[in-house]
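Colleague: Using the sequences plus the hints, can you model the full thing?
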Amino acid sequence: MGERMDAAIQKYMDIQEKNKLGGGQKHMDRQHERGKLAARERIDLLIDPGTFRELGSCVNTTGKRIDGIVPDAPCDGVVLGTALVHGRPVMIHSTDFTVLGGSMAAQGMVKFGRAHEIASQWGIPMVHLLDSSGGRLGFKDVEFAGFDWWFRTQSRYSGVVPQITVLMGPCIAGGAYLPTLCDLLIISRISGNLWLGGPRQTQAATSEVYDESVGGADYHMQLTGTCDRVGDDDEESVRLCREVLRYLPPNYREKPPQWEKTDSADREVGELVEIVPDEFDQPYDMHDVINVLVDDGEYFEIKDEYAKNLICCFCRFDGRSVGLVANNPKYPGSTLEVNTCDKYYRFLQILDAYNLPLVNLVDTPPVVPGEAEEARGLMRHIGKVLDVYATTTVPKIGVVLRECYADAGSLVMSGLKGMGADLSYAWPIAQFAVEASSLDYGAILGDTVEKDAYDVYWKHSREKVDAFAAAHSWTGQVVDEIILPKDTRKRIIEALEITANKEETLPLRKKRHGSAPS
Amino acid sequence: MGQWMDGFMEKLAGNRDENLAGGGPDRIALQHELGKLTARERIDALVDDGTFMELGSVVRDPRTVAGEHEKPSPSDGVVMGSAEISGRQVLVYATDFTVMSGALGEQGVWKMAELVEMAGKQQVPIIGIFDAVGSRISLTSGYPGLFGLSRLIRNYCLYSGVIPQIALVLGPCTGPLAQVPVLSDFLIMNEETGFMWLGGKIESEDAGDADFHMMKSGQVDIIAESDEDALAKTRELLTFMPRNCWEKPPKIEATDDPERREEALMDVMPDNPKFTYDIHEIIDLIVDDGEFFEIKEDFASHLCVGFARFDGMPAGIVASNPDELSGIMEPDSSDKYDRFMMFLDTFNIPIINMSDTTAYPPGDAWERKGVIRHGAKNLHGYSNITNPKVTIVLRRSYGGSNITMGCTKMGPDYIYAWPTAEFAPTGPEAIVLAVFHKQLAKAKEEGNYDEVYNFFLSILKEQFSVMTLGKGYTGYYTVQEVIDPRDTRMRIIRALRATANKREETPAKKRTIKPA
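Heads up: the protein sequence lines correspond to chains A and B, in order.
Just so we're aligned: 496 in this note's numbering is position 496 of the first sequence, and the numbers increase by one with no gaps anywhere.
Just so we're aligned: 326 in this note's numbering is position 326 of the second sequence, and the numbers increase by one with no gaps anywhere.
Just so you know, these hints were derived from the structure itself, not from any lab.
Mixed in with the good hints, there may be bad ones.
Non-contacting residues of chain B with respect to chain A, defined by C-beta distances greater than 12 Å in every case (computed) [claimed, not checked]:
(1) 40
(2) 251
(3) 255
(4) 276
(5) 345
(6) 514
A few chain B residues that face chain A, going by a derived Cβ cut-off under 7 Å, partial list only [what the hints assert, rightly or not]:
(7) 183
(8) 198
(9) 430
(10) 506
Taking lysine-lysine pairs in the DSS-like style, the calculated list, with each CA pair at most 25 Å apart, reads [said to hold, decoys possible]:
(11) 459(A) with 274(B)
(12) 502(B) with 510(A)
(13) 140(A) with 471(B)
(14) 442(B) with 330(A)
(15) 274(B) with 71(B)
Glycine included, each C-beta is placed from N, C-alpha and C at the ideal position.
Modeller: Structure follows, in structure tokens:
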């Protein structure tokens, strides 16, 4: 080996060695003192050991602060590369907070923006491990694409490959759109914060004073509906990301991964009749039902602390990845509330985009949302779910446990075949109606309606009928078959098997979207 | 006439007479007393004279047929058929309030569901006129009404973005049927008689009326003073759109000068950038004949959306309005913007964005409403639309406005700025405070705070000006051309002509995953 080669190799090795420390030992120590992991440690937790192949390791900043200072910024604060997760390739972008607070500048942004684009074309998932103080304000950098180019890339490839963010640091202003544009957002409780304006910026702009309690993981889970899962710390958050990737195919062209079969396909679930009371006013926790039904009682719940009267989770039936959406009568209120609709809307889009079948467990409480929800635009939010449900072509399997009313949610819960459900099963105790509403329109509209309206014709749509009356005719298209509760798991698995190669052609649109409510 | 016809013509005439009698003279008189037109009068007022061809006029409620009750049920409460509006085909239906309060019938709901599918296949707009309370459909005896209702709703979803869907709520519209006007692309509601409600508890007097659904729920697009007004507005609205997603919007003979320069544009903006002005003043000056057909006028009025024409070419305008809340963007305006933008895209109508806003506000109250995901919704939306897109940056393009209103790298076809435009991640004043807080704290101690503050501010103001940023073409805070404000109309018209045949693809996929 000649001297030039020797020196060049040494130069390369020096960069690699220096990169391990990011912005330096001092910053690295501070990162750990805060309970956070370093950018490369996070990657190691996510991936199959030893599979990380870095890209852009020799990148450094091209920016200069407006007072003339030129900083050192290894990798421009963006550790990027491919790796294997459960043996399948993914693209990973991990921001390095030890480098100028993980701030985003021209080189780093093009690194992960371009990586996202190419990963989408390759059909491999894109994971962002974020910990960034935001745009590198006050710097003059090379004139090139910024957030806008990146957001457009991310949006245009939405639905092509899974996009997941694990947020483990601050995420402010323009940068805050990055995780929200992703399919799934996991936030670390101890370190993640998502704000349109961080405390300092917000105070500068509006004089409002707040701290990290605003914009934290639980805040975005419980109040804003922006977060999908909360991890206690960086380690758990990254582990959750690894777990959820297992349920998803690498891209929209492929079927979800088939897991090893670890549970019996014809297991009877007779205990369900003990869990679900046959007195309809008695509540129960639908989690207990799901626990019994799915493979090994394992499921990955989404937005588990938001709109809790509807459960959305990934799970397995006989090793097949499935999206399960179930009413949860444990929590009061109607299942059609605005927040519930937003939760369902997001989840259903993911299922359809990535070919995961939908299983609905139906038990709609006889409640229609009232004025407070109407004032928030109730029907346009329901409309979003209706639109996605109607245009979703993955198999849709419904099981009605107890109550099933059209104005209380059954339209989007595979409780009505006319909406496009593939198979609708009902337990023998199930009960159906067109309207759960008991509102007296005569009292509201006064003399303009006929006095005998209820007695002669309105009564029909409010009449509650049992499963046998509903199953008596097929011109009503409500129940395909009454099933025994103990066979529920078996029937769901069989239904998924039968519908596994489903194809459905919808009316041709010029654009990829309709003009749905918003 | 041969014997084979004996009696049949009388039966047909009898059917017509029954239908014209609706629910009976008392119910028709009541309808008029309430200031409402009947279903047939509404259709007549909506469509071109003599073009209405009725379908399903012999249909009756199966329970009347079976003799379960005596109520008349002509057409099972739904008058429908094909017609022409301004010489173009449409399919139209109207529920008949005189027939059992317009309550949804087993056959009536199927008539509507099938008509929507026909419109989808025939690729013509569907217009629904609602005046109906409650429902007569049931789940017993094999009655297919609920199947029909779900088919109706599903058909609206399946043909969304294929054919324009317009709904008029000219009386009550309740229960699951109330989803249909909300699913429709545009909803016109009568301010006197309209009432729309899913069925939950009512607590206030105005719940469910036109103002409620305009200002609070954001579900009404246009409020009409009367049935006649609603029908006239429907006719006008239709002139801006093509019959289906495969056609272009109809261009009309222009009555305004495409080269018109507008001196008055130089005087709309106040001297102090902190002061506001009404964006309508600018819109009125640049569109054909000053005519702007505004949508959702009283919902999130800080973002103004609507239709206009430029040299006879229809376009949709989305403009921040500094006069209301300083033109901010927030969750309600995001929803308003998203819906309108998606409609424009599906029907190949160009979008004109006009930006002068500080965009999305920070703070606890806004965060709780999901301000970030709502901003993301607009980013996602704008990134995925492929209709002709033209952006004019007027003055402040701060924060998220820069991106959601179609700045350079968001892929507009043309982007222009007035020389007054400023691009910044947030207001330059706030940036000085946030970035140079250490220097400012030191300056405060040393007693030269104002001097230091102004020093940094002047650097930033200069740096954020489009006259500085415009020097780089590869950057993101830039435009294709800085223009003389007086030429705005002419520039837009040229851009629309240039993009009339544009094509743009998005990556193949099943569907996007849009923020909620």
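Colleague: Are the hints correct? Go through all of them and say.
Modeller: Verification of the supplied hints:
1. At the 12 Å boundary, the C-beta of residue 40(B) stays outside the reach of chain A, the nearest C-beta of that chain being 19 Å off.
2. Every Cβ of chain A is farther than 12 Å from the Cβ of residue 251(B); the closest lies at roughly 19 Å, confirming the non-interface assignment.
3. At the 12 Å boundary, the C-beta of residue 255(B) stays outside the reach of chain A, the nearest C-beta of that chain being 29 Å off.
4. In this structure residue 276(B) is separated from chain A by more than 12 Å, as the shortest Cβ-Cβ distance comes to about 17 Å.
5. The claim that residue 345(B) is not at the interface with chain A is violated, since a C-beta of that chain comes within 12 Å of its own (minimum 6 Å).
6. Residue placement check: residue 514(B) does not keep its beta carbon more than 12 Å from all beta carbons of chain A (closest about 7 Å).
7. Taking 7 Å as the C-beta cut-off, the interface hint given for residue 183(B) holds, the closest approach to chain A being about 5 Å.
8. Residue-level restraint check for residue 198(B) holds (minimum Cβ-Cβ distance to chain A is 6 Å; threshold 7 Å).
9. A hinted interface residue such as residue 430(B) counts as satisfied when its beta carbon comes closer than 7 Å to some beta carbon of chain A; here the least separation is about 4 Å, so the hint holds.
10. Against a cut-off of 7 Å between C-beta atoms, the interface hint on residue 506(B) holds, since the closest Cβ of chain A lies about 5 Å away.
11. Restraint check: the Cα-Cα separation between residue 459(A) and residue 274(B) comes to about 60 Å, which exceeds 25 Å; the hinted pair is violated.
12. Annotation: proposed proximity of residue 502(B) to residue 510(A) holds, straight-line Cα distance about 14 Å (limit 25 Å).
13. With a C-alpha separation of about 14 Å, the suggested pairing of residue 140(A) with residue 471(B) holds against the 25 Å cut-off.
14. Using a Cα cut-off of 25 Å, the hinted pair residue 442(B) and residue 330(A) is violated, with the two alpha carbons roughly 57 Å apart.
15. Taking the CA atoms of residue 274(B) and residue 71(B), the gap is about 65 Å. The hint is violated against a cut of 25 Å.
The structure shown violates the earlier hints numbered 5, 6, 11, 14 and 15.
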